[in-house]
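Assemble the complex: chain A is given as a structure, and chain B must be docked to it using the hints.
2 protein chains.
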Amino acid sequence: MRLSLNDSGYSGLVLEKLSGAGAKVGDTIRIQQEGKEYTGILMPRVQIGGDPDHIVIKLSTGYNVGVRLSAKSELERVRAGGKARRTDERDTPTPDSNLPSVAILSTGGTIASKVDYRTGAVNPALTAQDLYDTVPELGNHANVRARVLMSVFSEDIQTTDWTKMARAVAKEIKSGADGVVIAHGTDTLGFTSAALSFALQNLPVPVALVGSQRSSDRPSSDAAINLIYATEFVGRADVAEVMLVMHGETDDSFAYAHRGTRVRKNHTSRRDAFQSINSYPIFKIESTGITEIAEPIHRRDPERKLKLKPKFDERVAIVRTYPGLNPSIIDYYTDCGYRGVVLEGTGLGHAPKAIQPSLKRALDAGMVVAMTSQCISGRIDMNVYRTGVELLEMGVVPCEDMLTETAFVKLMWLLANKKSEEEVKKSMTESVVGEIEMRTEMAQYRASLEAE
Amino acid sequence: MRLSLNDSGYSGLVLEKLSGAGAKVGDTIRIQQEGKEYTGILMPRVQIGGDPDHIVIKLSTGYNVGVRLSAKSELERVRAGGKARRTDERDTPTPDSNLPSVAILSTGGTIASKVDYRTGAVNPALTAQDLYDTVPELGNHANVRARVLMSVFSEDIQTTDWTKMARAVAKEIKSGADGVVIAHGTDTLGFTSAALSFALQNLPVPVALVGSQRSSDRPSSDAAINLIYATEFVGRADVAEVMLVMHGETDDSFAYAHRGTRVRKNHTSRRDAFQSINSYPIFKIESTGITEIAEPIHRRDPERKLKLKPKFDERVAIVRTYPGLNPSIIDYYTDCGYRGVVLEGTGLGHAPKAIQPSLKRALDAGMVVAMTSQCISGRIDMNVYRTGVELLEMGVVPCEDMLTETAFVKLMWLLANKKSEEEVKKSMTESVVGEIEMRTEMAQYRASLEAE
Chain A
1 MRLSLNDSGY SGLVLEKLSG AGAKVGDTIR IQQEGKEYTG ILMPRVQIGG
51 DPDHIVIKLS TGYNVGVRLS AKSELERVRA GGKARRTDER DTPTPDSNLP
101 SVAILSTGGT IASKVDYRTG AVNPALTAQD LYDTVPELGN HANVRARVLM
151 SVFSEDIQTT DWTKMARAVA KEIKSGADGV VIAHGTDTLG FTSAALSFAL
201 QNLPVPVALV GSQRSSDRPS SDAAINLIYA TEFVGRADVA EVMLVMHGET
251 DDSFAYAHRG TRVRKNHTSR RDAFQSINSY PIFKIESTGI TEIAEPIHRR
301 DPERKLKLKP KFDERVAIVR TYPGLNPSII DYYTDCGYRG VVLEGTGLGH
351 APKAIQPSLK RALDAGMVVA MTSQCISGRI DMNVYRTGVE LLEMGVVPCE
401 DMLTETAFVK LMWLLANKKS EEEVKKSMTE SVVGEIEMRT EMAQYRASLE
451 AE
Chain B
1 MRLSLNDSGY SGLVLEKLSG AGAKVGDTIR IQQEGKEYTG ILMPRVQIGG
51 DPDHIVIKLS TGYNVGVRLS AKSELERVRA GGKARRTDER DTPTPDSNLP
101 SVAILSTGGT IASKVDYRTG AVNPALTAQD LYDTVPELGN HANVRARVLM
151 SVFSEDIQTT DWTKMARAVA KEIKSGADGV VIAHGTDTLG FTSAALSFAL
201 QNLPVPVALV GSQRSSDRPS SDAAINLIYA TEFVGRADVA EVMLVMHGET
251 DDSFAYAHRG TRVRKNHTSR RDAFQSINSY PIFKIESTGI TEIAEPIHRR
301 DPERKLKLKP KFDERVAIVR TYPGLNPSII DYYTDCGYRG VVLEGTGLGH
351 APKAIQPSLK RALDAGMVVA MTSQCISGRI DMNVYRTGVE LLEMGVVPCE
401 DMLTETAFVK LMWLLANKKS EEEVKKSMTE SVVGEIEMRT EMAQYRASLE
451 AE
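Read top to bottom, the protein sequences are chains A and B. Sequential numbering of the first sequence, starting at 1, is according to the numbering used here. Sequential numbering of the second sequence, starting at 1, is according to the numbering used here.
So here's chain A without its partners, still in its complex pose (with noise of 0.2 Å):
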């Protein structure tokens, strides 16, 4: 069922116009005015207030961009978008049996939000079916189901949302899903997909959360790209593991998969802010093709049988070391109880001497004190100062080239899930998921952190 013109968000001259050519929501339409052409798919108007005479056509590059029409301009209709179609939780589109089964799970954020034209902010409001409303060309790489799950802000997503994602994935995967995406905000992205990870062992088919830097509704959004690959990757590819699919650089020639545990969010704006660390992305996706980069790769098995770990134990802080850190903040976690701390101490792995009969009385005390490094890239090696070797004694595990959020969210899994403090400590130095590599090649570095 498409959507009907009625229902477009269009009026007056616009609506005007597109009624006389016959065009639809979905419809490839042609405008040209002033000597101008301008191809593309028909946009449902999802701005409230704002110029009503402004049309929104999505370009083949994926971009959407409004066009301000005239009296004088000319609007035909080129051809009819076919593969949009309007679902919700309960219904049931008309399959095309050529194109894989992939759920669409909406969380929140800025892929599924949109901009109050009253205050200027940007709130979360769109529902999975207005995703797929507003990127109609979703249909043409998947038989997609569509269905919002929660709506917050990413800052807001707790360990127990992390919990519900992971058991509706569970869900969908029993339901037949080849393939499960799930919309997100960007900010703690990284953080629950390292979540889902742990909590989705043993995966028979690829789970990719996708997250967009712009707002769905404005222009240079890159929601919908995002949204296409990640459709489209967890349909096909060849995996079976949680990734995240983003923006491989500014434009929009191609995205990356990263691995769901290697993943960080590292620049506040830019549309490739996500980056794999220590590590290469797995695949890279283009309109031509899914390329593979990495090795090993988990791959995709129907028939393997999915084993649900969904729990977290919420009693595990991150406390960064820093010149004059007060040490009675680990006693603060002590004495509240906590059973785990991530500290993100500097360099190879050090903490200021100052610390350390706190943290004897945090270990005595039954506490997993893991560590990681704020440097963000590198390998944690607490064998070559005195320092480190004094910790590493104490008890102090190390957290090999994890990465700070993956080591906090594995300890909160890992108590959830392991029975004594000595198995958690003994798991949070070995790969459960890929999370740590035993040798990094001195190239990733650069690699890791060049935008291409």
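By construction, these hints were calculated from the structure, which means they are not laboratory data. Since we're looking at a predicted model, the values are computed, not measured. By construction, the Cβ of each residue, glycine as well, lies at the ideal position given by its N, Cα and C atoms.
A few chain A residues facing chain B, derived, Cβ under 10 Å: (1) D161; (2) F191; (3) S269; (4) Y333; (5) G349; (6) S373; (7) D381; (8) D401; (9) T404.
Below, chain B without anything else, positioned relative to chain A:
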């Protein structure tokens, strides 16, 4: 005064060969054995234990290499090391009037450390004098006055140490130094370079912090090259800022001088671990000369009067936000009488809604709350999303494109030097010594992340 052979640490076969050739530490020698030839400057032996038949020479590349001598080895003295001098705090070497005067202050860290071969751990031990003996070429670049200020690993550096360093630099400048080099551990080098940038206002001559990622008695040490580059640089370059001079890539071909407030240790172990963030390094230092990269530069002016502002208020904490952050941490700092918190938020400057009541309580108590981003790169923009707008309305101060480390140090400095909370808040969003740039070039993300 050159180091006598008896003080050189060599014995047995090596001492015999050296005596036979009439070679002293600092002389250029040539070794021929088994068809191979090695030419370099004779270094003192600083290792305890190990193979007594090894001799250490510094090649023209700046690397120290150990060569194992046998009875058949031929050793000849090529030329005397004329410039090498022994000095200590009280010594006044005969100055070469063609060379600038440079003070080297040693604070500890790898650049001034040696391996304890019994435990394998690296200890801060070498004195500034040892450094100077190990790098006799320094005498070709400046009239050097070397002094040990303290001997601590950089993870143990306290805010009071910044005060001590600032005062020592001021003293050297008053004594006529054309430039000051501070040898410092790399772990918190970025914090100290920011601290000195604020403490040393209105500088007449340059100050360069320099570290080493490899222990200075190891053959692969970068200590010598970094120290030579820094000494040459502060003696001659037309600049009067606090900078950090470190390897620009993994080879020895060049170093960068980064602005002290814009630089961060981004890798645990690489020689090119330090990178300018949201900015470019300001100088490239090669053996062939010094190149200016970025404008504007605060120029050298020996007549300018230094304003020493060496105090910092320690009651400031960094609180990183993450899923499940316990809001009571903010309350804890408020109750402990803290005057400032740097929130290392997510994305454009967001924090979980759940901590807003605790933030409000902190702000009501007069605490200054400043927002930076854990993304590392990019700018804070709290006007885009509702969460950001709410925090701004509460009084949280957006730190623009400032590093978390710099914002933390700056807040401590402002609280110790400004009269009112309002002055502190205002100054946090304005550039004092180049720590904020109002416009970031998009290209700088990639450029600042690339190794060269």
